[in-house]
Each structure stands twice: as C-alpha cells, then as structure tokens.
Amino acid sequence: MKISRRNFLKGSATTLFLAGFNFPVLANTTKKKNLVIIMLRGGMDGLCAVPIIGDKNFEKRRKDLILDETIKLNSDFALHPKLKNFYNLWQNNLGAIVHATNIPYTKRSHFDGQNLMETGGHIPYAIKTGWLGRGMKLGELKGDGLALSLPMPLLLRGIPSNDNFYPSKKRLPRTELLKLLKSIYAEKSEHDLANMMEIIANRSMMSSGGTSMSRKNSSLALKAGLELKKINGPRVAVFEVDGFDTHAAQGGVNGSHSDSLIEMDSIFKSLEKGLGNEIENTLVLTLTEFGRTIEQNGGRGTEHGYGSAIFMAGGLLKKSQVYTDWPGLRKKELFEGRDLNSTIDARSVYASAMSTVFDIDFNRIQKEVFWGDKLQNLSEKLFKV
Amino acid sequence: MKNFYRKVAFGLGPKDKVPSDPLEWATSQLNEIPEFSWKGKILPEKELRNYYRDYVYGDRKVLRKKFKNDKDGYKREKNKLRHVTGQKFWWNLELCIRHSEALKSETPVLAKLWYFWGNHFAISEKDFLAQYTTGAYQREVIRANMNQTFEKMVQEATVAWTMIHHLDNNDNVGPKSQEAQWAKEKGRKVGVNENHARELLELHTVSPDCGYTQEDVIQMAYVMSGWRPNWGKKRLETGDVHFNGEYHQPGTKRILGKKYKSGRKSLSAVITDLVNHPSCREFIAMKLCRYFITDNPTKEMMEPIIKAWEKSDGFLPDVHKAAVEVAFNYSEKYNKFQNPENWLLIMSKMSDVELIPTPKLMDLYTLGLKPTHEQRSLEYLLRELGHHPYLAKQPNGWSDVSDDWMSPELLIRRLVYAKEAYYKKNRKSQTNEFYEEMVEKNYDNPNEILKTINQQGDLSNRHVMLFNLPETLKS
Numbered sequence: 000m001k002i003s004r005r006n007f008l009k010g011s012a013t014t015l016f017l018a019g020f021n022f023p024v025l026a027n028t029t030k031k032k033n034l035v036i037i038m039l040r041g042g043m044d045g046l047c048a049v050p051i052i053g054d055k056n057f058e059k060r061r062k063d064l065i066l067d068e069t070i071k072l073n074s075d076f077a078l079h080p081k082l083k084n085f086y087n088l089w090q091n092n093l094g095a096i097v098h099a100t101n102i103p104y105t106k107r108s109h110f111d112g113q114n115l116m117e118t119g120g121h122i123p124y125a126i127k128t129g130w131l132g133r134g135m136k137l138g139e140l141k142g143d144g145l146a147l148s149l150p151m152p153l154l155l156r157g158i159p160s161n162d163n164f165y166p167s168k169k170r171l172p173r174t175e176l177l178k179l180l181k182s183i184y185a186e187k188s189e190h191d192l193a194n195m196m197e198i199i200a201n202r203s204m205m206s207s208g209g210t211s212m213s214r215k216n217s218s219l220a221l222k223a224g225l226e227l228k229k230i231n232g233p234r235v236a237v238f239e240v241d242g243f244d245t246h247a248a249q250g251g252v253n254g255s256h257s258d259s260l261i262e263m264d265s266i267f268k269s270l271e272k273g274l275g276n277e278i279e280n281t282l283v284l285t286l287t288e289f290g291r292t293i294e295q296n297g298g299r300g301t302e303h304g305y306g307s308a309i310f311m312a313g314g315l316l317k318k319s320q321v322y323t324d325w326p327g328l329r330k331k332e333l334f335e336g337r338d339l340n341s342t343i344d345a346r347s348v349y350a351s352a353m354s355t356v357f358d359i360d361f362n363r364i365q366k367e368v369f370w371g372d373k374l375q376n377l378s379e380k381l382f383k384v
Numbered sequence: 000m001k002n003f004y005r006k007v008a009f010g011l012g013p014k015d016k017v018p019s020d021p022l023e024w025a026t027s028q029l030n031e032i033p034e035f036s037w038k039g040k041i042l043p044e045k046e047l048r049n050y051y052r053d054y055v056y057g058d059r060k061v062l063r064k065k066f067k068n069d070k071d072g073y074k075r076e077k078n079k080l081r082h083v084t085g086q087k088f089w090w091n092l093e094l095c096i097r098h099s100e101a102l103k104s105e106t107p108v109l110a111k112l113w114y115f116w117g118n119h120f121a122i123s124e125k126d127f128l129a130q131y132t133t134g135a136y137q138r139e140v141i142r143a144n145m146n147q148t149f150e151k152m153v154q155e156a157t158v159a160w161t162m163i164h165h166l167d168n169n170d171n172v173g174p175k176s177q178e179a180q181w182a183k184e185k186g187r188k189v190g191v192n193e194n195h196a197r198e199l200l201e202l203h204t205v206s207p208d209c210g211y212t213q214e215d216v217i218q219m220a221y222v223m224s225g226w227r228p229n230w231g232k233k234r235l236e237t238g239d240v241h242f243n244g245e246y247h248q249p250g251t252k253r254i255l256g257k258k259y260k261s262g263r264k265s266l267s268a269v270i271t272d273l274v275n276h277p278s279c280r281e282f283i284a285m286k287l288c289r290y291f292i293t294d295n296p297t298k299e300m301m302e303p304i305i306k307a308w309e310k311s312d313g314f315l316p317d318v319h320k321a322a323v324e325v326a327f328n329y330s331e332k333y334n335k336f337q338n339p340e341n342w343l344l345i346m347s348k349m350s351d352v353e354l355i356p357t358p359k360l361m362d363l364y365t366l367g368l369k370p371t372h373e374q375r376s377l378e379y380l381l382r383e384l385g386h387h388p389y390l391a392k393q394p395n396g397w398s399d400v401s402d403d404w405m406s407p408e409l410l411i412r413r414l415v416y417a418k419e420a421y422y423k424k425n426r427k428s429q430t431n432e433f434y435e436e437m438v439e440k441n442y443d444n445p446n447e448i449l450k451t452i453n454q455q456g457d458l459s460n461r462h463v464m465l466f467n468l469p470e471t472l473k474s
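Residue numbers (numbering that gives the first Met the number 0), protein chains in the order written: chain X, 0 to 384; chain L, 0 to 474.
The hints are simulated quantities; they were obtained by calculation from the structure and are not laboratory data.
Keep in mind that the hints are not guaranteed to be accurate.
[To be verified] Output of the computed footprint for chain L on chain X, the stretches with three or more beta carbons under 8 Å from beta carbons of chain L:
id	segment
1	105-113
2	217-223
3	236-249
4	294-308
[Stated by the list, open to error] Partial list, computed: chain L residues near chain X (C-beta under 8 Å):
id	residue
5	Lys-16
6	Asp-239
7	Lys-392
8	Asn-460
[Claimed, not checked] Label pairs and their in silico Cβ distance ranges:
id	chain 1	residue 1	chain 2	residue 2	range
9	L	Glu-46	X	Asn-92	51 to 61 Å
10	L	Asn-295	X	Ala-185	16 to 26 Å
11	X	Ser-213	L	Lys-423	38 to 48 Å
12	L	Asp-402	X	Ser-213	24 to 34 Å
All C-beta atoms in this analysis are idealised placements derived from N, C-alpha and C, irrespective of residue type, glycine included.
Turn these sequences into a full structure, and let the hints guide you.
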C-alpha cells in the first residue's frame with residue numbers, strides 16, 4: 000500500500016488532528032497526578048521506533064534498515080519489536096504514540112536542538128529556563144520535581160528546590176553528622192542548605208548501610224516510580240537516555256538505535272513496577288530534538304532529520320492509539336526533500352499534558368509558558384481530563 | 000577578612016605564610032603570566048588538534064564504512080581509535096596543568112581569574128572538543144592574554160579554532176557570497192549561521208543590556224562569514240582558522256548604528272568598537288563581582304572596576320586588581336557560594352590533599368593504551384562533583400549563581416568526596432594540631448568552628464564537617 004496523506008484522510012485507525020475548539024479544563028484536585036518526561040538525546044528515529052507499514056518510498060530508501068518481525072499496532076503503523084514493555088502497556092490501553100511531530104526546530108544541530116527541546120523556545124540559548132520548570136511554577140509545584148541525573152536538567156529550571164537522584168558510588172556520612180550539619184545551617188539561616196540536608200538525611204536513613212545503587216535507568220526508574228507513588232512524593236520526574244545519534248551501524252532489530260530504544264523501554268517497565276496502581280494517575284512522555292533522515296547513509300546509519308514521534312504511557316491516556324496527521328513520504332511531501340515532516344508542534348502535546356496533570360487551564364500555559372505561540376489544545380483528544 | 004583568601008584564591012595552605020598585607024599579596028600576583036607550575040609534558044593546541052583530526056577522520060571516513068554491518072565490530076574498533084588518539088588522556092593532563100596553578104603555583108589569584116575567563120569564553124560540551132582542545136585553548140588563548148587588554152583576548156578567542164568550531168561559524172556563509180552562488184548552482188542551500196555572532200554580542204562582549212537588535216545579530220554574522228577552518232580532505236574541519244573571502248558576505252554592514260566595509264579587516268574593527276562600548280565594561284564588571292562577591296552585585300561594587308577599565312583601556316591586570324580590591328573591601332559583608340571545582344581546590348589547598356597525580360605518573364602514559372584509574376582521577380572526580388570545566392552544558396558556561404548549585408545530589412557529592420579526600424592526605428596532616436592551625440589561619444571565627452567540628456570524635460568526620468560548613472561553602 001502506498002500511504003499518502005489522502006489515504007489517511009479517508010480514515011483508518013488513526014486519528015487526524017483538525018483545528019479544534021479549546022475545551023476548558025476542569026480542575027480535578029482530588030488525586031495526585033504525576034508527569035514523567037524521558038529525554039531522548041541524539042535524535043530519536045521515529046520511523047525506526049514506529050515504522051509505517053507498506054510504504055514503498057520508505058522501503059526503497061532504507062533498504063538495509065528495515066526491521067523484521069515488527070509488532071503491528073494498526074493497519075498503518077508497527078512497533079519496533081524490542082519495545083516489549085511499551086507494547087504491553089499499549090495492550091492495556093496504557094500506551095499511545097504521536098507521530099510526525101517535533102518541536103519547531105529545523106536546523107539539525109544537536110546542541111541547539113536539545114537546548115530548544117528543553118526551553119521550548121525558538122532561538123537557541125536565548126531562554127534560561129525549561130518549559131517544564133515554567134509550567135510547574137505556574138502550577139505552584141515548588142519542591143515537586145525529581146531529576147534522575149546529576150546536574151539539574153535545563154528542562155526543570157524555572158522553579159527552585161527540585162530534588163535529584165543519581166546515586167554516588169560512595170557511602171554517605173552517618174545520619175547523625177548530616178543532622179548536625181542541618182541544624183548548623185538552620186541556625187545560620189541558610190534555609191536552602193537546611194532543606195537540602197533534610198532531604199539528604201532522610202535519604203541516608205532509608206538506604207541500607209551505604210550499598211551503592213545502580214545508575215542504570217531501569218534502577219533509577221524503579222526508585223522514581225516508588226517516590227512518585229507516595230502521596231507527599233514528587234509529582235514530576237525527568238529522565239535522560241543517550242545514544243540516539245546513530246550515524247553508522249544503526250542496523251535493524253539488533254542495531255545501535257535499538258540499544259537506546261531498549262533502554263527507554265526499560266524505563267517504562269520499571270516505572271510501571273514502582274508506581275503500581277498509581278500508573279493510573281501518571282502520564283509519561285518522551286522528548287527528543289529531532290528525528291532522522293528517511294534515507295540511510297553510506298555507513299548504514301541515518302543523518303539528523305526533523306519529524307519524529309512521541310511515546311506516551313500511563314493511565315491518564317485516553318486510549319491506545321497512534322495520533323498523527325501523516326504528511327506522507329513521497330519526495331515532495333518530505334521536509335526539504337529528505338525528512339519526515341512534522342505536522343504537529345510537539346509543544347502542543349507537552350502543553351496539553353501539563354494542563355491535564357497540573358490542572359491548569361491550557362490557555363494560561365500557552366500564554367505564560369510558551370509566550371502565546373500558536374499551539375493546539377489536545378488534552379481532550381489524548382488524555383482523560 | 001580571612002575569607003578573602005578563599006574568595007579570590009583557594010585559602011592558605013600549610014606551607015603558606017600569612018601575608019602581612021593581604022591585598023598586596025593578591026594584587027602582586029596579577030602583573031605577569033608565569034610559566035606553568037606543572038612539571039610534566041604540556042602539548043601545544045595544534046598537536047592536540049591533530050589527534051582530534053585523526054579521531055574524526057578515522058571514525059567518519061574509515062570505520063563507519065568498514066563496519067557498516069557490524070555494530071559490535073564498529074564499537075570495538077572505535078574504542079581502539081579513542082585510545083590511539085588519547086581521547087581519555089589529554090583532558091586529564093589538562094586538568095593537572097589547570098589545578099597545579101591553584102595548588103602549587105605562587106599565583107593562585109591569577110589561577111582563579113583564569114578559571115573565570117575560561118568560563119566567560121566558555122567552550123561547552125560539543126563533539127570531542129573537551130577531550131582534545133578545550134584545555135589547550137584555555138592555556139594558549141585565555142591565560143596567555145591575561146596580561147594584555149580585554150580587546151586582545153576577545154580578538155584571539157573569537158578566531159580560535161576551538162571557538163569557531165564550538166559556535167558553528169564554519170557553517171556561517173554569506174547568502175550573497177561566491178560560495179552561496181556555487182551551492183545554488185549545485186542545488187544546495189547555504190546561508191548565514193548566527194550562532195557565533197550572537198554569542199560574541201550576548202555572552203562575550205556587550206550583553207543584551209546594550210540593546211542590539213536581531214538585525215544587528217544578522218549583520219554581525221555577515222561580518223563573521225568567511226572565518227572558518229581551512230578545509231582539507233584528510234584534516235576535514237580541523238585546519239587552521241583563516242578568512243576565506245569566497246564565503247564572506249559582500250557589501251557594507253551596519254552594527255549598532257556604525258558602518259563597516261566588507262572584508263577580512265571588518266571583524267577586528269567591530270570587536271574594537273564592541274569592547275569600547277560602555278555596556279561591555281559594565282557587563283564584565285558585573286560578572287567579576289558575581290564571581291567573587293555576591294549573586295546580586297550592586298552598582299557601587301562595579302564602579303571601581305569600570306573606572307579602572309576606562310583608565311587603562313581595558314588592560315586586564317588593572318581590571319583584575321580593581322576587582323580583587325573590591326572583593327577585599329566587601330569581604331566582611333559578603334560570602335560567595337563556591338562552585339564545586341573551586342570548593343574542591345579550596346579543600347585540597349587548605350588541608351593538603353594530594354589531589355593531582357604526579358607529572359611522573361602522567362608522563363608514563365603511552366598512546367593506544369587506556370589510561371589508568373589514577374591517570375583518569377581528576378576528570379572522573381569533577382564529573383562526579385557535577386562541575387567539569389570543559390563540559391559546560393551551554394555556551395554561557397557554568398553558572399555563577401548559587402541557586403543553580405543547590406540540589407541534594409550535588410551536596411551529597413561534596414559530603415562523600417570530602418571524606419574521600421581525607422584519605423588522600425599525607426599522614427602528617429591527619430592530626431588535630433594540623434586542623435587547629437589550618438582553621439586559625441583561614442577563618443575569622445576559629446574557636447567557634449573548632450568547637451563545632453569537634454563535636455565529631457573522628458578526625459575524618461571533622462574534615463567532612465569543616466568543608467561543608469556554611470563558612471567554607473560560602474567564602
């Protein structure tokens with residue numbers, strides 16, 4: 000089958016976005032809801048993770064990278080066969096995908112692109128805070144962020160007192176020493192330091208005598224899941240997965256792109272395990288700087304592209320579905336004749352997610368987090384509001 | 000007042016005499032640029048850049064093709080190539096050179112200012128610059144100009160290979176240039192890349208306070224078009240930076256209301272005007288105060304530095320002396336949160352930690368081999384502390400504001416690596432007497448501090464306490 004935009008308009012399992020009304024979001028303050036963002040650094044190849052089925056243009060341009068034994072999601076799209084945990088979520092209506100989407104950045108530099116995916120802006124390095132941090136500020140979620148990395152990611156900047164967890168390989172000093180330091184900080188009116196030391200002292204009491212924890216994303220995600228589950232725990236968590244920049248030996252099912260996708264998949268699994276029933280009140284979204292070229296290069300890898308996909312998981316999703324306004328893969332349908340186009344501003348998805356999870360009116364987020372940029376309110380379509 | 004030694008340097012070590020005139024002690028370190036105190040090998044930037052060349056060429060032009068169907072083979076051979084080109088070693092060697100200036104030299108105040116300028120003209124994490132040339136750039140372009148004018152430093156940093164590559168000026172092509180014409184005929188699209196131009200204005204010289212417009216940024220990019228590495232089939236993007244008129248946008252440019260003729264000389268002319276703009280000296284004065292004194296500098300603090308700048312035409316030794324004097328005058332009133340690297344150096348200096356591997360050990364390294372744990376210790380440690388000076392996340396460098404360093408994990412690292420450091424100390428310095436003398440020498444409230452830390456029975460715990468007290472974290 001040759002997929003084109005017209006075919007999609009005739010309907011299928013895939014929902015099309017049309018400019019819609021912005022439904023007001025009703026506040027639901029009874030439950031604690033969580034938002035998890037997984038940053039996929041290097042440029043996640045949406046067409047490797049969620050390939051289109053039966054598109055000759057695609058198969059021709061990627062002869063050596065086509066995956067065998069993909070998992071069929073619907074009549075149009077399949078899933079990378081290694082994403083077993085995500086597929087498990089999908090089967091339980093806890094997984095969905097937005098395809099042919101990206102932040103509005105088209106220049107293909109990792110560094111500029113990663114900066115913009117975190118700030119949500121248009122000019123690299125012009126904004127010093129992250130869209131998530133600004134959204135949390137709007138939701139008055141001070142102290143509710145948890146980064147699973149050592150430096151605080153730019154994405155969370157904009158609201159103070161976030162926690163981070165990326166275990167040191169060394170043993171913490173005794174709790175008694177930590178408490179003493181805390182009381183000294185408090186005495187000297189060093190309130191920020193005192194707050195931090197309180198968190199550290201609590202952490203030290205919980206850890207089992209200094210056995211060092213793994214820094215693998217799968218372990219970090221289990222820990223994060225357990226924290227998010229707590230009623231007074233964090234409400235926002237941020238992960239990072241590296242290695243998507245596969246210029247060479249991207250390969251098929253066992254290629255290098257798969258390795259990074261498998262790591263992402265392990266986060267879904269551990270989060271689900273840690274969260275238990277609270278997965279129902281959680282939304283997990285991926286974020287990347289750009290997709291990759293349709294055409295494979297001389298090293299059987301791919302170059303920096305534009306449109307990619309967003310993986311979504313959790314019980315706040317409406318249902319399992321691939322949401323897209325598919326632009327097609329014929330030469331003239333590609334961005335600059337080489338990349339999958341982006342027909343949905345990824346920031347619309349993130350703004351809608353924050354609106355749903357933080358119970359903030361979409362228009363306020365649009366105005367105060369994204370400077371009034373033209374974004375669609377997708378909350379009603381994607382999420383349980 | 001004694002916090003002044005930690006504020007503008009790294010405190011006083013066990014062998015340091017207490018200066019009779021602290022201000023004179025500090026300012027006298029700022030006239031000359033002495034030889035490096037590191038006694039081991041020091042490689043020129045150009046040689047290190049050749050290793051970078053061998054790595055990118057080998058990876059891009061050889062291995063990617065040879066192993067296109069073999070992911071594991073590709074990984075294995077790429078790892079070999081890393082070691083053949085010293086990828087895990089050079090930045091460790093650079094850190095030895097860097098930290099020796101803080102701990103072993105007669106000019107620790109100059110060292111602390113060197114770190115300031117390295118971070119001002121930051122090379123952030125991009126490609127493999129950190130592993131090969133960032134350290135050398137900071138030696139040859141930044142430190143070497145610290146007894147010159149600010150203008151000279153800007154002129155050289157702007158066309159340094161590492162900076163040009165870092166900020167993508169090799170992609171900056173005048174839309175009406177000869178190259179753009181040729182590209183068009185071949186169906187390729189090339190054009191201006193504003194990245195470097197914007198940072199030259201925003202981060203390196205006048206800052207947004209001067210009120211430049213987006214059009215000024217574009218015009219600046221036109222001026223900069225053509226400044227690029229000399230391209231070669233084998234050296235790829237690692238050739239020396241030169242001005243290539245074929246990439247230069249023709250015609251007159253207009254920046255901040257002033258006209259500049261087309262050509263090679265225009266960049267230097269614009270820089271001369273930028274560094275003489277009042278916003279430039281205000282911006283630098285503010286940043287110096289923010290680095291030494293407080294997150295929120297006042298006009299009164301900045302004033303003497305701006306004056307010194309105006310009087311000396313931005314002669315850096317005079318600007319530095321003024322900044323150090325302001326830091327001295329405000330030392331009673333303000334304590335500045337020390338970033339992790341400076342904190343590590345303060346701890347190492349004051350308590351005599353053998354932080355840096357010996358020149359002998361570093362010179363034992365053979366290309367092609369994986370460096371040993373000891374040879375890699377500094378790079379690992381800084382990464383663990385969350386503050387690797389060659390791996391800033393953005394071109395604006397590491398933050399000088401304390402909020403950005405407040406996170407549980409970052410403070411945990413200070414706790415656990417303070418403990419580690421204690422066990423790296425010479426046995427002779429693991430005594431009560433040593434700590435009493437050190438506290439006496441370095442703090443204005445020695446009795447209170449000793450009373451506090453002596454609540455811990457164990458000396459290693461006293462050490463951890465001391466270097467995590469507010470008086471040490473903020474100096």
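Would you say the segment 105-113 of chain X counts as covered by chain L, given the rule of at least 3 residues with C-beta under 8 Å?
Per the Cβ count (3), the hint holds.
Hey, does the L/Lys-392 contact hint survive, CB to chain X under 8 Å?
7 Å, holds
Given L/Asp-239 as an interface hint, is the shortest Cβ-Cβ distance to chain X below 8 Å?
23 Å, violated
Could one say that the CB atoms of X/Ser-213 and L/Lys-423 fall in the range 38 to 48 Å?
26 Å, violated
Can you confirm whether chain L covers the segment 236-249 of chain X, using C-beta to C-beta distances below 8 Å and requiring at least three such residues?
With 3 residues close enough to chain L, the hint holds.
Within 8 Å of chain L's CB atoms, at least three CB atoms from the segment 294-308 of chain X: coverage verdict:
holds (count 4)
Holds or violated: the segment 217-223 of chain X covered by chain L, criterion of 3 or more residues with Cβ-Cβ distance under 8 Å?
violated (count 0)
Falls inside 16 to 26 Å, the C-beta gap from L/Asn-295 to X/Ala-185?
At roughly 23 Å between Cβ atoms, X/Ala-185 and L/Asn-295 fall inside 16 to 26 Å, so the hint holds.
Using 8 Å as the Cβ threshold, decide whether L/Asn-460 counts as touching chain X.
6 Å, holds
Taking the CB of L/Asp-402 and the CB of X/Ser-213, does the distance hold inside 24 to 34 Å?
30 Å, holds
Let's test the interface hint: is any C-beta of chain X closer than 8 Å to that of L/Lys-16?
L/Lys-16 check fails; min Cβ-Cβ to chain X is 30 Å, beyond 8 Å.
Taking the CB of L/Glu-46 and the CB of X/Asn-92, does the distance hold inside 51 to 61 Å?
60 Å, holds
Of the numbered hints given earlier, the model fails hints 2, 5, 6 and 11; all others are met.
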